[in-house]
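Below, each chain spelled out in residue letters.
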Amino acid sequence: MPIIFGGEVHRVRADVAVIGGGTAGLNTAIAAAESGADVLVVDKAHIQRSGAIAGGIDHFFAYLENGEPWDTREAYLGYVAKVARGAANLKIHEKVFCDELVPAMERIERIGVSLRQSDGTILRTQALGQPGPYAINFDGKFLKPKMAIDVKRKNIRVLNRVQVSKLFLHDGELAGFTGYDVRNGDFYEVEAKAAVIATGNTNRMFKSQTGNPFNLWYCPANTGDLHRAAFEAGVELANVEYVRLTIVPKGFSAPGFNAFFGMGGKFVNGLGQPFMSNYHAMGDKAPRNIMVWGALQEIRAGRGPIYVDVRHLSAKDLEHLFSTLGVDKDTLPEFLRAKGYAREGQLIELAVSEPMQARPSELCGSGVKIDETCASNVPGIFAAGDAADQMGCLHMCMAGGYAAGKHAARYAAKIAAPPPLKSRELDEERKRVLAPLLRKAGLAPGEFENTVRIVTTDHFGPYKSEVSLTAAIDKLDALDRYCNDLKANNCHELMRCHEAMNIHSVAKIVAHAALARKESRFIPYHYRSDHPETSEDWCGLVVVRKNGEKGVASRFERLHYDA
Amino acid sequence: MTAVIDKGKCTGCELCALYCPLDVIHMEDGIAVVRYPDECWHCGACRQDCAHDAITFEFPPAMLAI
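Chains A and B supply the protein sequences, listed in that same order. Heads up, the first sequence is in our numbering, so the first residue is 119 and it goes up one at a time. Heads up, the second sequence is in our numbering, so the first residue is 1448 and it goes up one at a time.
For reference, chain A alone in the conformation it holds in the complex (with noise of 0.2 Å):
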């Protein structure tokens, strides 16, 4: 093939390839190495700082068998059962949760991150409709560097800052994977007895509260590069109709919800009246869905601004309160005293976040569905943590990613050699890669993404019908012909256009399978004002997967819950 880059050319070959170094897809490299198997972990930034948890993390979901009736495991699945209804799969929840928990919390500790206080207690709160204190604090600043050098001491093979662009398949397994350095351009192909999909959720969808993209809850590097590509490759995805929003303090999408009212603080108005309970039996404990809708209406009746009141904490909560804020986001606390909120507190405000492709509960995931094996529908192709429709949020990227990495071991041991990957299928995909280099002249990624950004939040994010998820596709699919003009100035730029490409596409896919649940659900993640019912009809899985060039067939599976 011509010259059409100066980047080399590499071939990698694996029996298991981990895409994304985040907490699930390092935590599967281990399990897949702990297996025998030769690992290959291939991250878009560097493990060491990579993914959801980047600068830290304060808490851990966990049942412990204490002996209260809530600490038990059947109670944690009840409880799993009624805020998550109609998205987790209870089989597949204990599998990939449960039956790993114990294990990965002993992992945490023997990479050595404590989950207990300095005085050896464990500290436990309580919120999301929890039924008891499930919220393990602990401080989880250097868990994610600390899980790298696991993975260097056990001679896993990692390629940082390399974009993963396509899944190849032989005779409908996985044959392998293309990617490309986003710092040098050179282009990898790799050859795969399984590939484990662990990339996170999609960010920078829609608009944010300040309008840059990348103040937001949820890691802006995460934009659906293999919610994108396993679609292509007909792989099935699930859960992704919904919509996710948070409460975020004002000016700075941070995490903090969970520390503000799993500390006690009070969800109030703009008249300085609690609200909850008008919207939940639970008030500000109430799941973090409701927590949203309530903020909402408030807003929408002219009580904003809203806020969190802090000041009737003692001395002792504040101080762990402030503390463990910097643990999740570590320049929080600095930014709540440069707006001028001194420890004992005024009224902190707050808001509601940007929405998000992402789980509509902490219990359940949003993206590449699995089975109880974290297999996808094809072969070859699993998938971890919030990538996978099943899993989620730290608890279950810990425990589900190292479930995940143990079967895609047992799977590549079965297989003599990957399949061959194609050349042809390999050049031509190296010339759409690095294409955007090559313009001349063209349009920015930027303003490419901010237009998506423009259509997904006017249409659908997060109140949507039939008429407006329409009008999305359309104008989502007219998009379509700028996406050959992109151009990048260099390789980070040319990271720029393919995710601001991904974004675009996996946008379709959530619109599209948001018009196929006709009902509302887990409000306002999935509000169909059409619909506005929550119905049992409902209660389960929108499916959804590539039909033909453009189109997206969905499909529809029930959950099962005893009660």
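Hints were generated in silico from the structure; no laboratory data involved. A hint or two may mislead.
[Claimed, not checked] Computed list of lysine-lysine pairs in BS3-like fashion (alpha-carbon distance at most 30 Å, straight line):
#	chain 1	residue 1	chain 2	residue 2
1	A	Lys325	A	Lys636
2	B	Lys1454	A	Lys403
3	B	Lys1456	A	Lys264
4	B	Lys1456	A	Lys284
5	A	Lys284	A	Lys532
6	A	Lys259	B	Lys1454
7	B	Lys1456	A	Lys325
We have chain A already, so just place chain B on it with the hints.
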């Protein structure tokens, strides 16, 4: 909104540029530079990894004044 690197304190160890999850920090003439300030997630990883106290954070009006 962004990380700000003090050129006088940066020793060029490259850790922040190596690890930045958003690829906004790059090396230029032996010191770290925030090349894409608008794309900073303000996760604070760079500051935690800096052994020379060279990184601080600034918040623009759109964060502080809305």
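Output the indices of the hints that this structure fails to meet, ascending. 2, 4, 7
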